[in-house]
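Residue numbers (our numbering), protein chains in the order written: chain X, 1 to 393; chain P, 394 to 703; chain C, 704 to 803.
Treat the hints as calculated values from the structure; they're not laboratory data.
For each residue, glycine too, the CB sits at the ideal point set by N, CA and C.
List time: in silico PhoX-like cross-link candidates among lysine-lysine, alpha-carbon distance up to 20 Å: (1) X:Lys204 with P:Lys489; (2) X:Lys204 with P:Lys485; (3) X:Lys222 with C:Lys716; (4) C:Lys773 with P:Lys404; (5) C:Lys733 with P:Lys404; (6) P:Lys399 with C:Lys773; (7) P:Lys599 with P:Lys404; (8) C:Lys770 with P:Lys404; (9) C:Lys751 with C:Lys790; (10) X:Lys222 with C:Lys714; (11) P:Lys667 with C:Lys790; (12) X:Lys374 with X:Lys314; (13) C:Lys753 with P:Lys399; (14) P:Lys631 with P:Lys667; (15) P:Lys487 with X:Lys188; (16) P:Lys399 with C:Lys790; (17) X:Lys204 with P:Lys436.
Distance windows between CB atoms, simulated: (18) X:Thr186 with C:Asp707: 38 to 46 Å; (19) X:Gly390 with P:Glu518: 39 to 47 Å; (20) X:Val44 with P:Asp491: 17 to 25 Å; (21) X:Glu263 with C:Asp707: 57 to 65 Å; (22) P:Lys404 with X:Gly357: 55 to 63 Å.
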Amino acid sequence: MAKRERLSGNEAVAIALRQINPDVFPAFPITPSTEIPQYFSTFVANGQVDTEFIPVESEHSSMSATIGASAAGARALTATSSCGLAYMWEELYIAASNRLPLALALVNRALSGPININCDHSDSMGARDAGWIQIYAENNQEAYDNMVQAFRIAEHKDVRLPIMICQDGFITSHAVENIELLDDDTVKNFVGEYEPENYLLNPKETMAVGPYAITDYYMEAKRNQAEGMKHAVDVVKVIAKEFATISGREYGLFEEYRMEDAETAIVIIGSAAGTAKDAVDALREKGEKVGLIKIRLYRPFPADELAQALQNVKAVAIMDRAEGYTNHGGPLGADVMSALYRAKAQAFAVNYIYGLGGRDVRVEDIEGVFETLKQIVADGDAGETYRYLGVRE
Amino acid sequence: MAYNFKETMNKPERLAPGHRMCAGCGGTIAVRNVLRGLHEGDKAVIGNATGCLEVSTFTYPYTAWEDSYIHNAFENAGATMSGVEGAYNALKRKGKLDETYKFITFGGDGGTYDIGFQSLSGAMERNHDMVYVCYDNGAYMNTGIQRSSATPMYADTTTTPVGSESNGKPQNRKDLAAVIAAHDIPYVAQTTFVQNFKDLHIKSEKAIYTPGAAFLNIMAPCPRGWRYDAPDIMEICKLGVETCYWPLFEVVEGKWILNYEPKKKLPIEEFLCKQGRFKHLFKKGNEHLIEAFQKEVDRRWEELQFRCSK
Amino acid sequence: MATDIKNLGVKTKWQDLTEGMIIVGSGTSKDFNTGEWSSVKPEFIEEKCKQCLLCVPVCPDSCIPVKDMKRGAFDLEHCKGCGICVKSCPFGAITMEGVK
Chain X
1 MAKRERLSGN EAVAIALRQI NPDVFPAFPI TPSTEIPQYF STFVANGQVD
51 TEFIPVESEH SSMSATIGAS AAGARALTAT SSCGLAYMWE ELYIAASNRL
101 PLALALVNRA LSGPININCD HSDSMGARDA GWIQIYAENN QEAYDNMVQA
151 FRIAEHKDVR LPIMICQDGF ITSHAVENIE LLDDDTVKNF VGEYEPENYL
201 LNPKETMAVG PYAITDYYME AKRNQAEGMK HAVDVVKVIA KEFATISGRE
251 YGLFEEYRME DAETAIVIIG SAAGTAKDAV DALREKGEKV GLIKIRLYRP
301 FPADELAQAL QNVKAVAIMD RAEGYTNHGG PLGADVMSAL YRAKAQAFAV
351 NYIYGLGGRD VRVEDIEGVF ETLKQIVADG DAGETYRYLG VRE
Chain P
394 MAYNFKETMN KPERLAPGHR MCAGCGGTIA VRNVLRGLHE GDKAVIGNAT
444 GCLEVSTFTY PYTAWEDSYI HNAFENAGAT MSGVEGAYNA LKRKGKLDET
494 YKFITFGGDG GTYDIGFQSL SGAMERNHDM VYVCYDNGAY MNTGIQRSSA
544 TPMYADTTTT PVGSESNGKP QNRKDLAAVI AAHDIPYVAQ TTFVQNFKDL
594 HIKSEKAIYT PGAAFLNIMA PCPRGWRYDA PDIMEICKLG VETCYWPLFE
644 VVEGKWILNY EPKKKLPIEE FLCKQGRFKH LFKKGNEHLI EAFQKEVDRR
694 WEELQFRCSK
Chain C
704 MATDIKNLGV KTKWQDLTEG MIIVGSGTSK DFNTGEWSSV KPEFIEEKCK
754 QCLLCVPVCP DSCIPVKDMK RGAFDLEHCK GCGICVKSCP FGAITMEGVK
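The whole structure should be built from the sequences, with the hints applied where relevant.
Shown next as structure tokens:
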């Protein structure tokens, strides 16, 4: 029986983890993700899970220990934010290259400097090329649902890659909202037992992991790794479909919101999609043909599907909650524009940098973006495609 | 069971030949002999920090390890093994594993004293049931003999080269065994290749079978970095111990124990003169440098004797 | 199943590499012949050997096999000729060119 609750995103993820009952959870505190291991350690203290909780001395070590645990044959994960993820950077690549299906509950926060504890996506965007699957949530419900699906995707035999389950710092992680939780047995059955094929603690066979590979092997190793990522798209869809049968909630690679006949659209990731949907609704009320696409799966990037979804749009604004310092925009902008280019799309595309370091984004801000898109269509010219939203100037 | 050298040698080899360490390497001598501390039939997972040992013993697809083995990165061998040991505890708790495993991690001095220090300190403080073994050759040998915090004073390395204004490394080496002992873990020991390995074999077995965290610091000479004739390794180790440069001791549950006291402590020159990295100390006019080196050896030896007398 | 490293050479296609570059099994380095590194090798004079085994622990390359408490012939396919064993023998049962 599903249960209605009122929870923060952090609490929701922690409950998903209690229900999953992972084998090993090494963790180090960093705002705003700290609550996840904190809640979880009370589950450990009260005997509600069998997990080995390892309170390590840094995020580098939390990811290192997670890698060790996963290689040893455990279902393992950690949680972090911001500089914690940056500190793990080297390890992210190693986890992926070893094809370890471990998970990371990421609570997105701006990277230093200046030091700032609020939300943007600079942390996870910095890890976008590390070989991890990245899935983003708009709200606590999605964060919970994504966490429940995480190990099924990562551990799939055609994938075997680490997975990052992202939610927005404070906005999602700390705001208490309504949520529908699955019951413990439903999650347990859905996630299932972890049965690794090869692992260090396999008494039947020894294993060596983490070799030195000379040039003759390195490039083939990377290509081999890319194959797992190729399969991830279909697996994400399959697991989402199965998840719908236990939850009634449907997920895809991205969410299309009022895109049926949209002439202008925005593409966005995370909690600001909620605000943007309000703007879409308000404009639709006025008869404007506007729509929104919210990215759920960012790595691998569903380029073809996205271009398909945008094929009838005349102008699109791509919203980046991270700078790319390319002088052309942010990472999502680059990904979406290259998807449009490859699909020979005719739409004008502009890229906005918004919401850095927790800068609020309001319904009026998004309405302004749609106003600009409308003008671009009328002018037949996108003008400057690298823009800032909500910056004082 | 009483120690028996021949029986120890009769145990199955756990580091296979065909690895690519240099001829005469002290690192693999350390590894082979530490692994003889394992009881026959017991399983182990071996960890390894990046370094000579790692790139040479697991060069795809060739692993020299007879046990399960994990290399992660340079600075995180302690944390990585924490996770492996954590997995073991969890799988045991869930009834998914019956077998007994032991956990042994190897790191060079660079990966242990320096870049891996935080990860090591954390793993020791959390008292994971594991042994961390440092094979200490006193420099970053894998990258070409750069100084580390384990490098002794005045050693000529590629980042502390001897020159008109330089006598080699200006600083003293870090006393890591004492630093780890200050973590109040159940077992810490320092050893090297002397006494036909009896000291090393006994300490390895103790370290492996003491519940909780254990740390072994093993002086493992590097013929290239130290510039001596490879066949002389055993003599170099003996001189390290007889000059009290590398004393043999252990710290058991906080109690310091001196394992060997030379009948006649040899002057430090005897250890230094065999090694090309200290050649400049024997130039005329550099006598004061040897005196300073001797003074530091004496000071540390007295300090150790004091600790062990308590 | 243990990895068959005979299928893993420098010409191996990406499809045929092991997933995550792991090797299942142990001691596959035995297939790599480090004996070629040096032409000078130790010689074992068996009649002088008293089977004290003092040469066994000093070998960096695990090239002195022990069976039933007795050492056997050198594994010259892997021995790199470092000469440490020569000096470890109290009975002169190991000799090598250039090592006294």
